[in-house]
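**Q** Protein chains in written order, with our numbering: chain A, 1 to 387; chain B, 388 to 774.
By construction, these hints were calculated from the structure, which means they are not laboratory data.
For every residue, glycine included, the Cβ atom is placed at its ideal position computed from N, Cα and C.
One should not assume that every hint holds.
[Stated by the list, open to error] Now the stretches of chain B that chain A is said to cover, found in silico as 3 or more residues with beta-carbon under 8 angstroms:
id, segment
1, 487-497
2, 544-556
3, 638-647
4, 678-685
5, 733-745
2 protein chains.
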Amino acid sequence: MQEVEISPRLAGPNARLIGKPGGLLELTTPALVLDLDAFERNIRAYQHQVNLHGLQARPHAKSHKCGEIARHQIAAGAVGVCTASLHEAEAMVGHGINNILITSPVIGSGKLDRLLQLLDCGVSVAVVVDDHEHAASMAAAARRSGHVLDVLIDVDLGMGRTGVSNIESALQLVNVVCDAEGVSYRGIQAYSGRVQHIEEFAERDHIYTGQLRFLSELIAALDKRGLKPATVTGGGTGTLALDCREGILTEHQAGSYIFMDVEYGAVTLRVNDGDAAFATSLFLHSTVISKNVPGRVTIDAGLKSFATDGPLPRVRAGAPVGTTYSFFGDEHGCLTFPTPTDCLPLGSIVAFVTPHCDPTINLHDYLHVVRNNTIVDIWRIAGRGVL
Amino acid sequence: MQEVEISPRLAGPNARLIGKPGGLLELTTPALVLDLDAFERNIRAYQHQVNLHGLQARPHAKSHKCGEIARHQIAAGAVGVCTASLHEAEAMVGHGINNILITSPVIGSGKLDRLLQLLDCGVSVAVVVDDHEHAASMAAAARRSGHVLDVLIDVDLGMGRTGVSNIESALQLVNVVCDAEGVSYRGIQAYSGRVQHIEEFAERDHIYTGQLRFLSELIAALDKRGLKPATVTGGGTGTLALDCREGILTEHQAGSYIFMDVEYGAVTLRVNDGDAAFATSLFLHSTVISKNVPGRVTIDAGLKSFATDGPLPRVRAGAPVGTTYSFFGDEHGCLTFPTPTDCLPLGSIVAFVTPHCDPTINLHDYLHVVRNNTIVDIWRIAGRGVL
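One chain only, chain A, in its complex shape:
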């Protein structure tokens, strides 16, 4: 097992703990902790799964926003990464990642300028379009700058968020892209967001399979006109088993499989003939800071440390079995014990499974990377922030 290089770069207030025996207990909290063994196993399991079914892996970096993680994914066999925003793409390029798909339309002259500057770095950055005027103006800008921009047509599978939702519009848009100088038609993107978190497999299967029928029809219509997409990219952790079974996508965009949060812990994935394909690797460590009320304590992790859009954080270690978490303001959480006589001393470290990993990661600057109870590195969440 290859050890990650311990780098002396700026790594926040816990930098001195890298390699220190017992350093994990001295961690300044609230702090995100990555179990490197579980994380590496998840990356291998994902790559194995997509390889088995002839898919290419293009994991979504919006989940981690971290150059080191993208490098791990590519080292395992991924062709590149996705990002949700231009800012994330810039952060990835800054960390040496040279093959990126931005999965949301890049709109506005300021962003277009920055996108073209990224291409000046000699990296491969593809974008999606769902509007023919936008496609035409992108083509014009790329042409002026002397670049040819790789473009995928964004297809809406029913969420109504971005993408074209009927075959006629898709054909029209592909034609605009094929006819315009400055852009190159590379394929289609079809991502279905909401189905990913449907907990019951059969229900997810039913809804998603219906959505994929439209995608198959669209691909057939394109094929008939000599416009068969070279790449069909999409999918997430929740639909991985289905994407492998259906064989419509050529490239897979899962993100959360590396971390496995509370939300995905409740989803029956059926990857690899079982549910144990991926294990939780991401945790938040917090400290008990007040204990004056019987039956509960206050910790230093509140709604600035955990995402609040999904389920509650779940206690993993450091507190009695049955202890529950509730939000207690911006900087505080409340731990309620199963019996009123339970307590924890001030300074106790309590570890949590994170509620919804993507927006939780976005709150933090650092991932504290742990193997065998030792902090072996600290990775910067370089792509957080949303500009």
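Given chain A's structure and the hints, the job is docking chain B onto it.
**A** Chain B alone, transformed into the frame defined by chain A:
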């Protein structure tokens, strides 16, 4: 009106827009925008109010986490600022703020070391305690480092989050602090969190006045023993009028008054004999990125741009009256128009009042400071992140 200095420092992807006519329309979004006129009026109105009632202002920097804002508050007459965390305190000291109260117990050896290093910088940093063993260990650490740490006793007004909740415990804790070398008894802190957002004034008045009775009794008990607190610090934007009327606090800790989010927009403040004492100064600008579904558009601001713990963001400008926002995933929002035939072109900028300002600020790296529709500066939210 004094113009803020335009600094050439690293200010994110929008730095080139500082001073540029029309630059506000070119802003790379999602981006926080601060209306400097409204912000300055809020700061003056707050200082005027506390001056009028003989209180000192110590605004809470957990709302803004921004050195430039702290400097504005101090220039207007504040004695210093509060921070919720050590990390925020470090960021404030890094921006030249030299009088800080950390309003939550600082627990753990790693944090204590960092706290004492802050004192090495020659700044005044006071802390709160609510546990006598913690007070004793802090005193010992301060003594070893050759410092005397200013300490306030944290008093619980009924929330049960931090603080001592009865007179006996408070007296005991004050005695521990007074007897120990290495710490100096500076007074008490009594903050009531949940009452701040009770929308109806009479209800807030009723609950808070009851809580303040306990505080008065505690102060009388301390006074009787020759331990009268020199400082009684607490209060927030929601209780400002009550804190001024009751005259129990000596120092006031409001935070959100500078911004006035959707949450506080619904709270009847009764400051200054009216409700117009503070105006909304903080906005989020977002861009329309998809428009393929009739009656609605998709924008680039989702649950990584807006806090999700409170009310929804409210459209302020750039969309038809009656347009509503809903979350549409991590990076996207959905704008639903009042009539299905309404639309907005791709690239349109829509401005929002932020839902809950503190955790919204915490998501972003920059405040784009605007006067007369021109970006006059970009301030870094240096204290964001939670370590």
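**Q** For the segment 733-745 of chain B, do three or more residues have a beta carbon lying closer than 8 angstroms to a beta carbon of chain A?
**A** holds (count 3)
**Q** Examine the segment 544-556 of chain B for residues whose CB is less than 8 angstroms from any CB of chain A, and state whether their number is three or more.
**A** holds (count 7)
**Q** For the segment 487-497 of chain B, does the count of residues with a C-beta closer than 8 angstroms to a C-beta of chain A reach 3?
**A** holds (count 6)
**Q** Verify this for me: three or more residues of the segment 678-685 of chain B with a beta carbon less than 8 angstroms from a beta carbon of chain A.
**A** Per the Cβ count (5), the hint holds.
**Q** Confirm or reject the coverage of the segment 638-647 of chain B by chain A under the rule of 3 or more residues with a beta carbon closer than 8 angstroms to the chain's beta carbons.
**A** violated (count 0)
The earlier numbered hint that this structure contradicts is number 3, and it is the only one.
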